[in-house]
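2 protein chains.
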Amino acid sequence: MTIVITAFERSPDGGKGLARDTRVRWTLEEAGLPYEVRLLSFEAMKAPAHLGAHPFGQIPTYEEGDLVLFETGAIVFHIAEHHAGLFPDEANARARAIAWMFAALNTVEPPILELVTAKLLEADKPWREERLPLVEERIRNRLRQLSVRLAGADWLDGAFSAGDLMMVSVLLRLKTSGMLDEFPNLAAYVARGEARPAYQRAFAAQWAINADKPSGG
Amino acid sequence: MTIVITAFERSPDGGKGLARDTRVRWTLEEAGLPYEVRLLSFEAMKAPAHLGAHPFGQIPTYEEGDLVLFETGAIVFHIAEHHAGLFPDEANARARAIAWMFAALNTVEPPILELVTAKLLEADKPWREERLPLVEERIRNRLRQLSVRLAGADWLDGAFSAGDLMMVSVLLRLKTSGMLDEFPNLAAYVARGEARPAYQRAFAAQWAINADKPSGG
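Going down the list, the protein sequences come from chains A and B.
For the first sequence, counting from 1, position 155 maps to 155 in the working numbering; every step adds exactly one.
For the second sequence, counting from 1, position 104 maps to 104 in the working numbering; every step adds exactly one.
Heads up, some of the hints might be wrong.
Chain copies aren't distinguished; within one or between two, either way the pair holds.
Claimed, not checked - In the EDC-like style, the derived pairs of lysine to aspartate or glutamate whose C-alpha atoms are separated by at most 20 Å in a straight line are:
#1 Lys125 - Glu43
#2 Lys16 - Asp181
#3 Lys46 - Glu137
#4 Lys119 - Glu137
#5 Lys125 - Glu136
#6 Lys119 - Glu136
#7 Lys119 - Glu130
#8 Lys46 - Glu63
Quick caveat, the hints were computed from the structure, so don't treat them as lab data.
Predicted, not measured: the structure shown is a model, and the values here were computed from it.
Produce the complete structure using the sequences and hints provided.
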């Protein structure tokens, strides 16, 4: 069955790979699955046709036969559940890989989203300069704990899994901030993720769409 | 096998049921599973013994024989996967229930966590009064979209699922803000969740621990 995902016609990040379709592309590449992409304008994302698939009017969505899914974590999970290479076979190890997926999205990403919001939506506010360090410190607390847990390992729990894919994807949002470099093992962890051929193909595919266009948002 | 979860010895919310162990207790009650609780002080949460189970030093954790899990979403998922009543049987409907779990945690909860942070950690900052309405508007945008999707249905996608359990749990954080009342169908949705006997038992169990103690945080 053909897999179709949606992505930004013009990504707000201009091709840096931070739009969430990159996470799904990466997962599909790790699983060795071909896919098609339907590009959406900002208007199309908020139109009834797309809201039927994605109640929050975002990308990516995922279509495979009768199945229509939204929410990146759920799409990555669905692919990982049905194809080899993204979850360990052993039941407890699989449960722990799923734990890292949720940890990436609900424990590590929220303070990072706060930073994105502070820089994008509150850039012109008088509190910007004084508040940013507070947000950064909340992120740093999480990075410190994650760095201790990772220690000298290549991946968070044994072999590379969908948990690492999600954690690396979340940490990539910090790349331009310089904060990752305060934790050399985390910087190396993210670089290991980026070096995977599947990530390289995913990045190149979104770059090909976005690199020659002016930023959309 | 005995299931053991961890919870606050003294919950920062004084028993309002907003600590994340309530989400796990509710899931266990829906599944009809008995469980034991190990209470942790704030010091114990940051001690090496607990950090071995939970790298971010939080509650809840979940122990079942050899399996040690952290991260509420992953614990709820694990229980839902292995016991009846929390995921639909049909494969596509199950995938969509999982999508609602992730949507609750990664799309709806982050702006709500921002509000919690703004009220708790930035309460004394000069920007508090001017900034709170901005954060609330970001929450309201999500509530508006969720309200449109829910429309007149009892639950988000057919029968009650772990997706509803997580979404109701996330929305409960807004109960004292009054924002839910702006969306009567969401307020009724949350009330339906709270009215479930399994939720009532979960709430009562955490209340019994916290109600007679001074707030711990």
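*What hint numbers does the structure not satisfy?*
1
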